[in-house]
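S.K.: Protein chains in written order, with the working numbering: chain A, 1 to 276; chain B, 1001 to 1290; chain C, 2001 to 2421.
Everything labelled a hint here was simulated from the structure, so no lab data went into it. Any given hint might turn out to be false.
[Unchecked claim] To give a feel for the contact side, a few chain A residues facing chain B, derived at Cβ under 7 Å:
#, residue
1, L16
2, L118
3, V142
4, V248
5, V254
6, L256
7, V258
For every residue, glycine included, the Cβ atom is placed at its ideal position computed from N, Cα and C.
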Amino acid sequence: MGRGGCVIAYILLTALAFFSLAPCLWEVSTSLKSLQEVMRVPQTLFPGDITTENYTEIFQRRPFDRYILNSFVVAAASTSIALIAGAFAAYSVSRMRSKWRAWLMLLFLLPGILPAVLFLVPIYRFFSSIRLTNSLFGLILVHAAFHISIVFWIMENFFERFPRDLVDAARLDGFSHMGAFFRVVLPLAAPVAITAGLLAFIFSWNEFLFALTLVTDDSLRVATVGISMLSGASAYEIPWGQIAAAVVMTSLPVVLLVLAFQRKIVSGLTAGAVKE
Amino acid sequence: MIRSHTGSYPSDTAFHIAILIPAILLCAFTLIYPALLALHTSLAGPGGTVSLNYYSRVVTDKLFLASLTRTIIFAAIAVFLEFVLGFAMALLMVMPLRGRSFFRTSLLVPWVLPPAVIGLAWRWIFYEDYGIVNDLILRMGIAESPIPFLRQPHWAFATVVFTDMWKTAPFVAIILLAGLSVIPQELYEAAAIDGAGRVRRFSLITLPMLTPYILTALLFRSVHTLGIFDLVWVLTGGGPSSSTEMLSLYITKQTFRFLNVGYGAALSVTMFVITIAVAVIFSFLSRRRF
Amino acid sequence: MLNFGKLLAFFLSAVLLFNDLGCGKQKEEGVTISFLDTEDKNGAWAEVIATFEAMNPGSKVRLIEGPASTDTRESQYATSLLARDSTYDLIYLDVVWVPKFSANGWLVPLDEYFPPALQEEFLPGDIQASTYAGHIWRIPIRSNGGMLYYRKDLLESANLEPPRTFEELVDISQKLQNPPDVWGFVFQGKQYEGLTCVFLEILRGFGGDVLSPDGRCVFDSPESVATLTWMRDAIFQERIVPEAVRTYEENESLVSFLSGKSIFMRNWPYAWKVCNEEGSEIGGKVGIIPMPHVPDQSSSSTSGGWGFGVSQFSRHKDEALKFAFHAARPESLKVFARKQGGAPSRKSLYKDSELVALFPHYPELYEVLIHAQPRPVHPRYAEMSDVLQRHVSAVLTDTETPEGAVREAAGEINEILARSS
Chain A
1 MGRGGCVIAY ILLTALAFFS LAPCLWEVST SLKSLQEVMR VPQTLFPGDI TTENYTEIFQ
61 RRPFDRYILN SFVVAAASTS IALIAGAFAA YSVSRMRSKW RAWLMLLFLL PGILPAVLFL
121 VPIYRFFSSI RLTNSLFGLI LVHAAFHISI VFWIMENFFE RFPRDLVDAA RLDGFSHMGA
181 FFRVVLPLAA PVAITAGLLA FIFSWNEFLF ALTLVTDDSL RVATVGISML SGASAYEIPW
241 GQIAAAVVMT SLPVVLLVLA FQRKIVSGLT AGAVKE
Chain B
1001 MIRSHTGSYP SDTAFHIAIL IPAILLCAFT LIYPALLALH TSLAGPGGTV SLNYYSRVVT
1061 DKLFLASLTR TIIFAAIAVF LEFVLGFAMA LLMVMPLRGR SFFRTSLLVP WVLPPAVIGL
1121 AWRWIFYEDY GIVNDLILRM GIAESPIPFL RQPHWAFATV VFTDMWKTAP FVAIILLAGL
1181 SVIPQELYEA AAIDGAGRVR RFSLITLPML TPYILTALLF RSVHTLGIFD LVWVLTGGGP
1241 SSSTEMLSLY ITKQTFRFLN VGYGAALSVT MFVITIAVAV IFSFLSRRRF
Chain C
2001 MLNFGKLLAF FLSAVLLFND LGCGKQKEEG VTISFLDTED KNGAWAEVIA TFEAMNPGSK
2061 VRLIEGPAST DTRESQYATS LLARDSTYDL IYLDVVWVPK FSANGWLVPL DEYFPPALQE
2121 EFLPGDIQAS TYAGHIWRIP IRSNGGMLYY RKDLLESANL EPPRTFEELV DISQKLQNPP
2181 DVWGFVFQGK QYEGLTCVFL EILRGFGGDV LSPDGRCVFD SPESVATLTW MRDAIFQERI
2241 VPEAVRTYEE NESLVSFLSG KSIFMRNWPY AWKVCNEEGS EIGGKVGIIP MPHVPDQSSS
2301 STSGGWGFGV SQFSRHKDEA LKFAFHAARP ESLKVFARKQ GGAPSRKSLY KDSELVALFP
2361 HYPELYEVLI HAQPRPVHPR YAEMSDVLQR HVSAVLTDTE TPEGAVREAA GEINEILARS
2421 S
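Just chain A, same shape as in the assembly:
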């Protein structure tokens, strides 16, 4: 590639990076502005007087700390459940060579491919008939079931290439099945499991549809839903500054995860695509 090509590539990449990040930066700027400045035309690029009033508002007037805590609980719990169940299932299917294999693959992969909204009405109806609505536990179960796909996808791919001899050797050394799985297989699978867990955690943190529908109690709401409740007294007095503050608070965890684990996330997403 020539020098000119390089320069053009840099220009384009910088433009794309700006395009990707600009909305986030604009939200950060808005969140630090006073109510008057937010509504000032022409808009100021940077806040004139930096104020944290929007942040204090969302934590004082609204239980936003509770929302974030709930998000964290749901994401962490559903990720843990999905990791255990998904890793088991992936290992099992990867060792299987029968006609059931294809069906099981389909069962575990399909929920990740299909849009979640297809299951909304069915799950809502079923859960409300057995009183599992309006509880974080119900939401955790739903998230976990959907995460199984991503965990299964990534880990099955890994286990397929996992050397069987290692397991056999461990068995000869006197390990039980479970022992061999936990002491030999899983430690080696840890990096892949972390990748899967990261993705599951992000999906759960971001999930909105089920969180909106299955949970109605304000003290059980998660952040993505709590933020959509912030819309002012009428449609014409939208508290944009507070919304921006909430957007920043809700986005921060996932942005930090991307900053820390960009490589892992990319590799996790491409695991399936690389497969063929």
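With the hints as your guide, set chains B and C onto chain A.
M.R.: Same frame as chain A, now just chains B and C:
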């Protein structure tokens, strides 16, 4: 039935079945059973009989058909644009440039942000009265009066397409990037020696090698775009004048606003079938070629 | 290297820790009543709740501040009630939800606690809209009804009387307007619930209606066609209504009126306070009258408004009812009127000296609200309104003829009626 691959330990089979149970139970309880229940509800006729009443209503429901058409048009445009932008991103990101990691991370950001949350950010950016886009447009004299981004049906549709493109092009880029990075460099060098130009090398090597990745990306994006909810719900709520009322919003409206729960179940099943059909078409395409 | 077990242990302990810290259900002594409304921006709810809690030690009332969109709040209530959750003890009901919510068995009938003698004290439109299938389900708090705002100053200087008929409305508009700077008449023309409200007022002013008192569809009538023809012609023939009205909700119409760009505006009571606020260009120059009608018919106002119903799934129905009645006391209603600017639901308050001093238009407002009529009282009203919105909107964009729209809409409404029987 299930033969263990190692063969030497008969109880392996039992172990392998046992560890399948948690995942199967979880899926059965939260996904399969409710889905079957919904299928049952959607087939319920008067007095406990089986009937296709709800389905005959589905196929004659003008609003459903309008929403389906709208969703398909939306998916076609949005996926096309995402694909073009995502492809461009991937081609740029695969270049061995310094600072590559920074660019990869930046471009990835839109995709990991919560759609329901980032929808609010865009609503603010496109806000008619003092949103930044209209502010700039007016200041630069591009238009005389603010553009009704979310108030006028066509604009609202375009705004949703744009936002969805912004959000999901990185996903396409990542998948294609994976494909691009496994193409052996020698192929290009050999082709270059044979005198193939940039365009020929792209169409002879890059595209064919990339096809499975392209299909994977298109499959995921098409199916998910057909089911889009969060972003639209937050940006427009389906309005104005139903101009952005996608299938998922129509189903939730029938279920939770009109309280036609049985009909909502029938609509969900119908959408399920349509989605599966799209998925099957893509997997058929990818199988035929490889 | 981080191992799998440690990772899990981390997640699980995090869950347990946070569950302990903040997410277990609070165990408080006493009873807490919850309901959902928009943000309590001007502190009216806070004041009413504070007086209730002072009078009833041990009881707490929690307002959950929800989204501004009425449809979204309705869905939130419905989602919770459909699952039989006890999240909300009280339902702050828009009038049009009453049939749907009560037909689904979500509300407690209040006949016993809210006898006719007590109902007498409230505006009849609000009571009518709170009644369904022979029972009363709702205690009205905030009344609402559509009316015509007009520029008193402009009409007076031209020596014209405010219009009583549609014809007069067109005449005066054409005399005084100067499009595109000043238009004759603006209303809520966007495809949404507000359009149904306006449309019903005009339709009833023409002598038509959607449902008969016994619940049959009577929409396929010459009156309906005349109504739609008048609305279309007002835009395309007489040109007294700007085409942009098709994107207007309440606020857009109000902005047009406030900035002197229109002479007549159909709107709700809240607009009066805004028109006469400090800094308003048209302060003191605004009059209100009932909506116009055709010569041999009478004015109609679509009733709106909010009030409390008690959830069937509440665990504290008695306390909930107590608070609902507390919020409907004259003292509380005055707080709402002063702070929110809405119209109170009790008749006596329109003669209250304190309020009339603040809001001199109360006598005229009373004349409008006393004649307010509910929207079609039916559990499937939301679907019917959806039908009306689509077809009226199609006529306003000239993509459907009035005759065609009436035929189609009547057909669809009949289908809805057939499905629900």
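S.K.: It remains to establish, for every hint, whether it holds in the given structure.
M.R.: Hint check results:
| no. | hint | in the structure |
| --- | --- | --- |
| 1 | L16 | 6 Å, holds |
| 2 | L118 | 5 Å, holds |
| 3 | V142 | 5 Å, holds |
| 4 | V248 | 9 Å, violated |
| 5 | V254 | 5 Å, holds |
| 6 | L256 | 10 Å, violated |
| 7 | V258 | 5 Å, holds |
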